[in-house]
Structures are given as structure tokens and as C-alpha cells.
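Student: Listed here are the chains, written in short residue letters.
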Amino acid sequence: MTAWPEEARPSEPEPLVQRAGDAADLLIQDAHLIDPGIGLDRRGDVIVRGGLIEEIAEPGSLEPEGVTEVIEAAGLHLFPAFFDPHVHLRTPGQEYKEDLETGTRAAAAGGYGGVLAMANTAPPVSDRGELEALRHRAGLDAVVPVGFLATLTRGMEGRDLVDMSELREVGAVGFTDDGLPIADAGVLARALQYQRMCGGTIALHEEDPALSGAGVMNEGTVSTRLGLRGIPSTSETVMIMRDAAIAGYEGGRIQIQHLSAAGSVEAVRRAKADGVDLHAEVTPHHLCLTDEAVIDLDASRHKMNPPLRTEADRLALIGGLLDGTIDCIATDHAPHALHEKEVPFEQAAMGVTGLETAFASLFTHLVVPGTVPLEVVVEKLGSGGRAFGIEPFRLAIGETANFCLVDLEASWVVGEDGFESRSSNSWCSGDELTGRVLTTVANGQVAWRLRSFTLEVA
Amino acid sequence: MRDLISIADLSREDVEAVLDRADSFAEVSQREIKKVPALRGKTVVTLFYEASTRTSSSFELAAKRLSADVVSVKSGGSAIEKGESLKDTVETLSAYGPAAIVIRHPAAGAARMLGNWVDAAVINAGDGMSQHPSQALLDLYTLRSRIGPLNGVKIWIVGDILHSRVARSNIQAFGLMGAEVTVAGPPTLIPPGIEELGCRVVYSLDQLDEADVVYLLRMQNERMEGNFIPSTREYARLFQVGDQRLGPRQLVMHPGPVNRGVEIASSVIDSDRSLIAEQVAAGLVVRMAIFYELLAGGESDRMAPEPLPTIGDPA
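Going down the list, the protein sequences come from chains U and F.
Quick note on numbering: my numbering labels position 77 of the first sequence as 77, and the sequence is numbered without any gaps.
Quick note on numbering: my numbering labels position 241 of the second sequence as 241, and the sequence is numbered without any gaps.
It should be emphasised that the hints constitute simulated quantities derived from the structure, not laboratory data.
Ideal Cβ positions, reconstructed from N, Cα and C, are used throughout, including at glycine.
Be a bit skeptical, because a hint or two may be false.
Covered stretches of chain U, going by a simulated chain F footprint (3 or more residues, C-beta under 8 Å) [stated by the list, open to error]:
id, stretch
1, 43 to 51
2, 111 to 121
Partner residues aside, some chain U positions facing chain F, computed with beta carbon under 8 Å [unchecked claim]:
id, residue
3, Asp30
4, His32
5, Thr224
6, Arg225
7, Leu297
8, Val343
9, Pro344
10, Phe345
11, Glu346
12, Gln347
Make the full structure from the sequences, and use the hints.
Tutor: Encoded structure:
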């Protein structure tokens, strides 16, 4: 399914890039298979040969003939691998925070079979050379397939459009100035007009700089108590309303990044009802935490943009997830080094990591208490590529193997054994979570094995 | 008390202990020799990341009156200007083994962070728009000295509540001691939910005559990054406190520095109802009391010097 007419599409390279590896040959015995997208919910054996799902059958019915690995998975769950449309891999230029290998390793550890990297690197990915070099690097380093967005405006300066068509030709999955809003409405309108020719979903960080000001957390009673400058939720909501109107008028496709506020959910709901082609993301931290968490002033865990908001906002986000207003869960994985976080809250960098804990945090905070069904979490973690024309992975015969094996009984303390990410600014650092990804197969290759689980199996 | 970070951490008893101690130091301040040996041999570091006259000078003098060795570091002219991080600066200064670190910082929570890093007692001399607890304590001391207990006393805090750490500390401190607090100012300078700190909000001075104490805040031009008020002229017209707004028994306080002719009329500053000079004097004795309670309070009540070490004693 594509948003743009076929004749308007330049010949595109594969959207995702990964380093070469061995195709998996393995047998998973008696796992609980769940793929909400195709209504799969049963126990069964899965055999993978040459990286493809060759057979799915009754538990105990498949023989391990010719496979190199057998995983006894009774009591474990097998989900289609997740897909994150919003991560920061910090390459090029900020490899001290993260690089393509550590970032994709973190993704694999979280059960992801693919991620899309944002373009606000140093320098930003605004031209063909940068993008080609990055994709080349990903072909050497990326443990799970990565797609790259380019910036929408040159150097993220908010004025001149990048060479969108050329960037599409060399593999830009979409365009975004993420980290910054497109403050000038005319720039967005022209980009959406240009999109008719070259495609490429435009992902939008929605924030009105005049309303956000120098804010560092949600504006409300907590910011008042702490004496911190607030970012009102209207800062996000009014920009979504503006951009939905522009996209509706121009007819282009936009992805609304990281919704955080009740008013924003309502704005997306109305725009969808009006037929605007827009997709919306929400992060695990906005689904699980509120601005009350900021009271500890722990910037490493609780400072990000958009900020954590109120309980009413959190509940509205959950409502949007359940009724389909929100299309997918994206982590906005934003690694930062210790010295950028171990400073007073107002001076700390914005952003938290989330790839390694996305499933476990949502399972612990939303599924276990019965707030959100497991199937919804699995589906929304898997559907992040849709807005960019990348369909969710499927647990079906003949498909490339893209799945994660998860122990829903396992409890673990986040960060206890370190992180796969180069950075440790996880919003759940130190928390005890339930649900652990044991093995991830991405694009037919084994991308992750939890060490303790591997030893146990061996 | 181990640190003094926020009024929210204090009980009424903690506050009264500091104010009682300050009373005893007020007597010392009348002596010809104003120094006591309570902190002899101890080191106090003051670390100021923001401009300050009265707070920095009174903390320094308070520590010296207690015979502490004082090291004063200001952001201008130090390695902070070269981009040294707060943590690195603090680790450097910690090498002197300070008994207390007094910190003023433009970011909220800086003092609390410091408290997690160092063994020294940390005294918050103002962090961003968050807290200024020593100011609140000296204001309580000033009021107690003039009018006695604060139970049921009506205190109006007028002006820029949004950007004011003094407002946050003082709303909590006045409330803790039983006063009824009202904040007044234009809505653009009153942050949402301030009522939760324990106060009523009004947008005019129409009922100012009910106030026993009028506590004025400075219009903080350095924290005004937007158009919070249309003009100082309009602000002064609505919220400036001059003699015509005040009845004979009403007292006026201000944490300083004042903008004469903006939030307060000059004639009020210089009148009998002004406690501003008393607040400054109280600053010294209350800060002596804070040091004493944090650093010496647990040891002994007498202010006699500890015995000198014997010469040759390796300790």
C-alpha cells in the first residue's frame, strides 16, 4: 500500500539496510504464538530455514532435522518482531552517545526487527553524500535493519527544502526535522506539494516555539511546585491542528511524532475523521509516566521533549491507542552521555533511551494491570513502519523470519547488567520490569540472544 | 537537619530551633567582639553562580563570625568560566574537606544534586526559580521579632510570583508557621496551581487592607524572557504599593534589591512600616543560626572553644 501514485515514485533502493550475516536455521518448540495482525493466537512449533519461516505446526510435530539450533519454548511467547519508526542513533557526529552498532543492538535486545533513524545528527543528514555514507556504514554495522530519514529542511534551519527527490532516490525513507518543529507553515505546505512528486512521509515534531519558550517540563502544578519553566500542552496541540489542516489542504501524508497531550489525541482523532492522511506515534514513557515523576529532578530518567504530562493526558493517550487514533508506539530512543545528564535539570539534555525496555515497560505498566490487552501492545509495537510504506512483520509460513521470543514471567532490573546502548539514560533505569526478550530474529538472522537464556538452553 | 535545601523539608520545630538560635546570636551581634568560636577549624565554601550582594555577604560574614575558614567562589573569574561542570567544581572544592557548602545556582535542584554528591552539609542560597530557604527563615525571624507568632496573621505576597524562588519558599514557610497567605499579581506572573503550596490567588490589590503584612517581590527583569506585563507603567499603576494603599498598622517587607518606583514607592521603603532594613540585619544572625544548627547543633550547646590540640599530636 503506498500513498503516492506509482508514476510519481522514483526508483527506490531498499528502504532498510543491515550488515550481512548468516541466515537462521532453527526450530522453536511449543511457543505461544501471537500475531494480532493475522489473528494468530495458539501454541505451536516454528521452523526457520535459510532465514524463512518454513513451517508453523502443532506443538511437538516438527522435527529438528537439518537445523542448527532448537529452542525449547514451552511457556514462552513468540511475537512478530517490533518496528520503531523513531530512534536517534547519533551517527554521524555523536558516536559518544550511540552508534549504528550499539543502537541497533539495543533494538535487537528490545525485540525489534527494524528501526528508522532520525536525521538530527552532527551534521544533520541533509544531502546525498551524508545519506549514502550512512547507509554504507549501516551495511557494515547494523545488527537489525535500519532505515534513514533525511532532514526536511537543509541543515534543519527551517527555511530551504532539502533535495527531496534526490534523497528519495538514494534511500531516504521520509523527511523530518525531528528535534525541532517546522515553525514556518509555508515551508511545510511547499514540502507537502513537493511530496506529490517524490513521496516520502514527512514526520513532524509538533511544538510551537513561542509557547514552549524556555520550558523544561510540562506546565502545571508540578512545574509550579518545582520552580521549573513549563511547556504547556497547547504548544503541541496547536501545531498538530495547524499541520493537520495544511496536510488536509495539500493532500500529503504526515506522521505526527510522539503525542503527549490529551488535546493532541483529540486533534489527531478529528483530523482522521476529516480524512487527513496522518499517522500518530506515542512513546512508552508517555503511556506509563506523568509529570509527577519529575519531582525527583532526575534528568537522566525524566527529562525529554515533549515532556511527561498529567494523568489525564496519559489516560487520553491510552484511549487513543485503544481506539486506533494512535497508530503505533515509537520509543524516541534518545541516548545522551552521563555528563550531559548529570547536571541540574534545567541544563540537562532532553531525551531518554527506550529500545531495550519498550515491551517490558508496557507489559509491566499497562498489560499486567489489565489496562491494555497484550495483543494491542504487540500490534502497536509492530506497526511503526506503516506510515512509511513498511508493513508489519508477520508470523506466517513463507515470510522472512522476524520475531522475538519473550518470557512474560521473567522479572529483571533495568540496567543491572548494563545496557546494549552506549548510553544509560533509560527512563526505567533501576526499575524492576516483567517480561523479557530472550531472542530476536531480524530479517532472517539471529540478532539477539539474552546471555543467561542462551547458557540455559546450551 | 543535615542540609538546608527546601522549606518543604522542614518541620515547625526545625524552624523554631533556627529562630531561637538566631535570637542568641542577635545578642552576640551587640557585643563589641562579635565573634564566637563555634566553627573554629571548620571550612565553609560559598559557591555563587549568580550575582548576589546581601546573600553572599551575609553567609560569608555569618561563617566568619562563627570562626570558620571561608572560601568564596564566584562563577565569574573562576574555572566555571572555562566551562567546568558543577560536579567537577564541587569535587575540586570537596578536596578542602568543607563542613558546609553554600550554593546559589540559576538552575532549580542544583543544591539537591550537590547534596547527593558531597558529605558536607549543603545550604541552598537560591536555586533557579525553586527555593531560597534562608531568605524565608530570615523573614520569619524578622516577623517573629516584630509581631510574635504568625498564627492567623494575614500575609500578602505581591508581584512576580512566577519567577520567584522567594515566593515559593515564603508561601511554604509562612503557611508552616500558621499564617494565611494570599498571592497577588497579574495572571501572567502567577504560575498554575500555586494554590497547592498553600495560598489564595487574587489579581488585584483591592482587598489589600486585610493584610497584616505586605511582602513585595522584585520585578525580575533578568528572568523576563517574554512580555509578561505590557509595561512597568501599567504594572506600577495596578500593583505598586505606595502610602495611599497602606493603612497605619500594615507592615511592608521586601527581599531586595528593590526597584524604587516600580513595585514599591520610595516613601514606603524609608517609612516606619518598612521592615526591609531589619530583614537585612536578620539575614546575618539567621545564617549564623543555620550554620550552627547544621554543623554544631548536635554536638554541644555551649559556644566554648574546643580544646586546642596538643603540640606534636599527630591528629
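Student: Compare the structure with each hint and give your call.
Tutor: Outcome of the hint check:
1. 43 to 51: Answer violated; 0 residues pass the 8 Å Cβ test.
2. 111 to 121: violated (count 0)
3. Asp30: Asp30 (chain U) check fails; min Cβ-Cβ to chain F is 49 Å, beyond 8 Å.
4. His32: Since chain F brings no Cβ nearer than about 44 Å to His32 (chain U), farther than 8 Å, the hint is violated.
5. Thr224: With Cβ-Cβ at 4 Å, under 8 Å, it holds.
6. Arg225: 7 Å, holds
7. Leu297: Constraint on Leu297 (chain U) satisfied, holds at 4 Å.
8. Val343: 6 Å, holds
9. Pro344: Hint holds; Pro344 (chain U) Cβ to chain F Cβ min 3 Å, cut 8 Å.
10. Phe345: 5 Å, holds
11. Glu346: 4 Å, holds
12. Gln347: Since the shortest Cβ distance to chain F is 5 Å, the answer is holds.
Of the hints listed earlier, those the structure fails to meet are numbers 1, 2, 3 and 4, in rising order.
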